Amino acid sequence: MSKFSFSSEQDEFRTNLRRYLADQVPTREVRRLMETETGWDRAFWRRLNDDLGVAAIHIPEQYGGHGFGFGELGIVMEELGRALVCVPFLSSAVLAANAILNCGTEAEKRLLLPPIASGESIATLASTEDGGSWEATATTLTATPSGGGFHLSGHKSFIVDGHSADLIVVLARAPGTSGDVGLSFFTVPGDAPGLTRRPLQSMDPTRKLARLEFNVVPATPLGPLTDSQGAAAAFAKTMTQASVCLANEMVGGADRLREDALAYAMMRMQFGRAIASFQSMKHKHADMLLEVELAKSAAYYAAAALDDGDDDVIAIAALAKATASDTYLQTAIHAIQIHGGIGFTWDNDTHLWFKRAKSSEVLFGDAAHHREIMIRNWAA
Amino acid sequence: MSDVTEASVRAEVSTWLAANWNPALGLVEWRNKLAESGWGVPHWPKQWYGRDLPVGLVPVVEEEFKRLGAVGVAKVGIRVLAAATILAHGNDMHKEKFLRRILTGEDAWCQLFSEPGSGSDAAGAVTRADLRGNQWIVNGQKVWTSGAQKAHWGLLLARTDWDKPKHAGLSYFIIDMHQPGVKVQPLKQMNGHATFNQVFMTDANVPPELMLGREGEGWAVTTTTLMHERRGADALRSWAMGSDQMGRAYEEERKEISVDLAPYKWYPQRAGRVDLLLPRARETGSIDDPVIRQELAKLLIMSKSAEWTARRARAAQAEGKPQGPEGSLGKLASSHVARLAARIHTQMTGANALLTGADGVMDGLIAEILVSVPATSIAGGTDEIQRNIIAERVLKMPRELAVDTNKPFRDVPRNIVS
Numbered sequence: 000m001s002k003f004s005f006s007s008e009q010d011e012f013r014t015n016l017r018r019y020l021a022d023q024v025p026t027r028e029v030r031r032l033m034e035t036e037t038g039w040d041r042a043f044w045r046r047l048n049d050d051l052g053v054a055a056i057h058i059p060e061q062y063g064g065h066g067f068g069f070g071e072l073g074i075v076m077e078e079l080g081r082a083l084v085c086v087p088f089l090s091s092a093v094l095a096a097n098a099i100l101n102c103g104t105e106a107e108k109r110l111l112l113p114p115i116a117s118g119e120s121i122a123t124l125a126s127t128e129d130g131g132s133w134e135a136t137a138t139t140l141t142a143t144p145s146g147g148g149f150h151l152s153g154h155k156s157f158i159v160d161g162h163s164a165d166l167i168v169v170l171a172r173a174p175g176t177s178g179d180v181g182l183s184f185f186t187v188p189g190d191a192p193g194l195t196r197r198p199l200q201s202m203d204p205t206r207k208l209a210r211l212e213f214n215v216v217p218a219t220p221l222g223p224l225t226d227s228q229g230a231a232a233a234f235a236k237t238m239t240q241a242s243v244c245l246a247n248e249m250v251g252g253a254d255r256l257r258e259d260a261l262a263y264a265m266m267r268m269q270f271g272r273a274i275a276s277f278q279s280m281k282h283k284h285a286d287m288l289l290e291v292e293l294a295k296s297a298a299y300y301a302a303a304a305l306d307d308g309d310d311d312v313i314a315i316a317a318l319a320k321a322t323a324s325d326t327y328l329q330t331a332i333h334a335i336q337i338h339g340g341i342g343f344t345w346d347n348d349t350h351l352w353f354k355r356a357k358s359s360e361v362l363f364g365d366a367a368h369h370r371e372i373m374i375r376n377w378a379a
Numbered sequence: 000m001s002d003v004t005e006a007s008v009r010a011e012v013s014t015w016l017a018a019n020w021n022p023a024l025g026l027v028e029w030r031n032k033l034a035e036s037g038w039g040v041p042h043w044p045k046q047w048y049g050r051d052l053p054v055g056l057v058p059v060v061e062e063e064f065k066r067l068g069a070v071g072v073a074k075v076g077i078r079v080l081a082a083a084t085i086l087a088h089g090n091d092m093h094k095e096k097f098l099r100r101i102l103t104g105e106d107a108w109c110q111l112f113s114e115p116g117s118g119s120d121a122a123g124a125v126t127r128a129d130l131r132g133n134q135w136i137v138n139g140q141k142v143w144t145s146g147a148q149k150a151h152w153g154l155l156l157a158r159t160d161w162d163k164p165k166h167a168g169l170s171y172f173i174i175d176m177h178q179p180g181v182k183v184q185p186l187k188q189m190n191g192h193a194t195f196n197q198v199f200m201t202d203a204n205v206p207p208e209l210m211l212g213r214e215g216e217g218w219a220v221t222t223t224t225l226m227h228e229r230r231g232a233d234a235l236r237s238w239a240m241g242s243d244q245m246g247r248a249y250e251e252e253r254k255e256i257s258v259d260l261a262p263y264k265w266y267p268q269r270a271g272r273v274d275l276l277l278p279r280a281r282e283t284g285s286i287d288d289p290v291i292r293q294e295l296a297k298l299l300i301m302s303k304s305a306e307w308t309a310r311r312a313r314a315a316q317a318e319g320k321p322q323g324p325e326g327s328l329g330k331l332a333s334s335h336v337a338r339l340a341a342r343i344h345t346q347m348t349g350a351n352a353l354l355t356g357a358d359g360v361m362d363g364l365i366a367e368i369l370v371s372v373p374a375t376s377i378a379g380g381t382d383e384i385q386r387n388i389i390a391e392r393v394l395k396m397p398r399e400l401a402v403d404t405n406k407p408f409r410d411v412p413r414n415i416v417s
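Keeping their order, the protein sequence lines are chains A and B. Numbered continuously in numbering that gives the first Met the number 0, the first sequence closes out at residue 379. Numbered continuously in numbering that gives the first Met the number 0, the second sequence closes out at residue 417.
Bear in mind the hints are in silico, worked out from the structure with no lab data behind them. The structure displayed is predicted, hence computed values, not measured ones. A virtual CB, placed ideally from N, CA and C, is assigned to each residue, including glycine. Do not take every clue at face value.
[To be verified] Residues from chain B shown here face chain A by an in silico Cβ test under 7 angstroms; the list is partial:
1) Val8
2) Val273
3) Leu275
4) Leu277
[What the hints assert, rightly or not] Distance condition first, Cα-Cα at most 27 angstroms in a straight line; then the derived BS3-like pairs of lysine-lysine:
5) B/Lys94 with B/Lys45
6) B/Lys45 with B/Lys96
7) A/Lys357 with A/Lys236
8) A/Lys354 with A/Lys283
9) A/Lys2 with B/Lys320
10) A/Lys357 with A/Lys283
11) A/Lys2 with B/Lys330
12) B/Lys330 with A/Lys283
13) B/Lys187 with B/Lys264
14) B/Lys254 with B/Lys149
15) A/Lys283 with B/Lys395
16) B/Lys32 with B/Lys45
Here chain A stands alone, though its shape is the one from the complex (with noise of 0.2 angstroms):
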């Protein structure tokens, strides 16, 4: 891979991927999960990771992955979001085995990653609060020591999968402290005792968030306690890799929903005329393809910019995800309007990728976080 083109292997994996999920994930498929509390099936994550392996495809060898980079991470997110595929990708695969590659021991890694690997346990990554800041100085869940372990107490909410992982990584700080010193990452059962887990209405059905209440629960540490801001510069590279791989995804359902306005308007009729050969019809599509085309451009740069190990990778990643946010939302919008009366139906199907689309926007930050972002990382 490089910044610009992917290569054959990557293609061919993108076609089969693509055609699998195209067969095994039906718009109906979603529409049933998205009804459900859990809000994806565990039979289907199963098997979809012993088909193709997803789960495992960038974590290294050694923790019982494939090894690929995020690349084809962003292959995956990319197919995943152009189907709009219910599972525990993004929790699981994305935000915490990326937390725990980037803030564990070697001990711990080779503990906790190989049944993320395998789809076998979902995990996913708690750090966002109430007041919905995606930085970890926002933290104010506390872990206390006590015996020879931890205990947590507070609260976490907006937690993707928060209600069904079976594991989640905790971002919590010491008593007493505050900004980015005294922060550390923990790991808690899905079932421990003196956790409250509540599955909350989001906008989004596609995509399940969850508020976890935190009273004095039992937390293993992971990766180094001693180091002051080490936690909180594993979660800052965390967001930074998590932001791609949405971006990447975001394309995805980006370029999808433009795929399907446009066959729409190639066969709705009227005035006698398919609706595609007029003008404004015309010029909106060109507007569109250029606008999803180039977030494409940037989703792609940035994986590659991530596995290059590019110094400017902060700010590839917030332009990535800045345009991305601004470019699925506004195709979601021309896609409601291009379908007209029917695209404003909960039985077609526009509305599902248009609630992707709003959720992807603010979820890790909007378009405006991250330019800021951007440039105060790039120009100054």
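Position chain B relative to chain A; hints supplied.
This is chain B only, laid out in the frame that chain A set:
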């Protein structure tokens, strides 16, 4: 085809240059040598100043020229399009008469396609050519003609049959610009520059042998010229090369370039001067303004992702992959970039954006950006035409309903041009 390789070409051209290149030669004398050797345009046919080299190997030859500092054939301006068109559609007499003097730079050319009444719709030309006796007599007006004042020859699209449908009534001529029936008038643009001209033809003469292609087939020939124009659009940026070394050939080439490029000095400004935005933001302190930071970020995102999209297109081409949509989007993206850049320049400059010339910021350069950017979304195909092209050719959406192609051109409603 003989088996030429990169190594054999490199060896051959460097040997020839070592034996023949001499900066003390006059420019025309040297370029005549290039024409005879075939190294000036190695991808051209052997019998016409080339060596039948595959286009892919031309960069190897260029590298050797650059390495040894050797001056190449004349490349600036419409003459390149004229040569490509003559090679494709001309007969031996045309090639004999024109090609060598194109390569030496002795003849300059201009392109007489656009008219006041036909901009995006070039095939709607109403300049007429009528055969009277043994001469074509040309009457009409052309516009947006760069280099017309200095051109010896013009590539002319004119209507020779008004009873045929629009495309079928056109013919393509080479017209002598130095004749009493041809008047050239500079066209002053909204930014004060006059890069282009209007050309008025009143009973101008063209001998029948200077028609390219056959009568009524002018549109096909025009398409060739336009195709080369689009392909070469990027070359414009590499024009301002020119070595600063000493020697007669170098000096003459520098003079040629400076004269040819003078009218285009404002071209970087029409693209919005993205390169100036961050330095200006720091200089003006507006880098600390949260509103400007957001706008700057939007612009950087757009221009970076447009650049990366172009790189994706080039990578796909280099790897021989089927062409994706990314290659057709650059022109439209550059309009967005230019417009947003102009807006941010205005925001950062504040009241000083009102001033121009010596009173203006950077000797009026910022003001020149603001009044030059509107050209970007028009020149070389308007944004609207670009969107049609993307919709029809890339997305395969239905073509515009044509109301003018199936009837005699004389019955097609058209502009009244005073």
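Status of each hint after checking the structure:
Because the closest C-beta pair between B/Val8 and chain A is about 27 angstroms apart, greater than 7 angstroms, the hint is violated. With a cut of 7 angstroms, the hint placing B/Val273 at the interface with chain A is violated, because the nearest CB-to-CB distance is about 12 angstroms. Contact between B/Leu275 and chain A, as hinted, is not supported at the beta carbon level, the nearest pair being about 13 angstroms apart and thus beyond 7 angstroms. A distance limit of 7 angstroms between C-beta atoms decides the matter here; for B/Leu277 the minimum to chain A is near 5 angstroms, and the interface restraint holds.
Restraint check: the Cα-Cα separation between B/Lys94 and B/Lys45 comes to about 13 angstroms, which is no more than 27 angstroms; the hinted pair holds. Of the pairs offered as hints, the one joining B/Lys45 and B/Lys96 holds, with about 17 angstroms between alpha carbons and a cut-off of 27 angstroms not exceeded. Distance check on the hinted pair: A/Lys357 and A/Lys236 sit about 24 angstroms apart at the alpha-carbon level, within 27 angstroms; holds. For the proposed pair A/Lys354 and A/Lys283, the alpha carbon gap of about 21 angstroms is at most 27 angstroms, so the pair holds.
Restraint check for A/Lys2 and B/Lys320: the C-alpha separation of about 16 angstroms stays at or below 27 angstroms, so the hint holds. Our distance criterion of 27 angstroms between C-alpha atoms is met by A/Lys357 and A/Lys283, whose separation comes to about 20 angstroms. With a CA separation close to 22 angstroms, the supplied pair A/Lys2 and B/Lys330 stays within the 27 angstroms bound. Distance hint between B/Lys330 and A/Lys283 is fulfilled; the C-alpha atoms sit about 16 angstroms from each other, no more than 27 angstroms.
For a cut-off of 27 angstroms, the pair hint linking B/Lys187 to B/Lys264 stands: about 15 angstroms separates their Cα positions. At roughly 14 angstroms between alpha-carbon atoms, B/Lys254 and B/Lys149 fall within 27 angstroms of each other, so this suggested pair holds. Simply put, A/Lys283 and B/Lys395 have alpha-carbon atoms about 14 angstroms apart, close enough for the 27 angstroms limit, and the pair holds. Straight-line distance between C-alpha atoms of B/Lys32 and B/Lys45 comes to about 14 angstroms, which keeps the hinted pair within the 27 angstroms bound.
Checked against the numbered hints given earlier, the structure breaks hints 1, 2 and 3 and satisfies all the rest.
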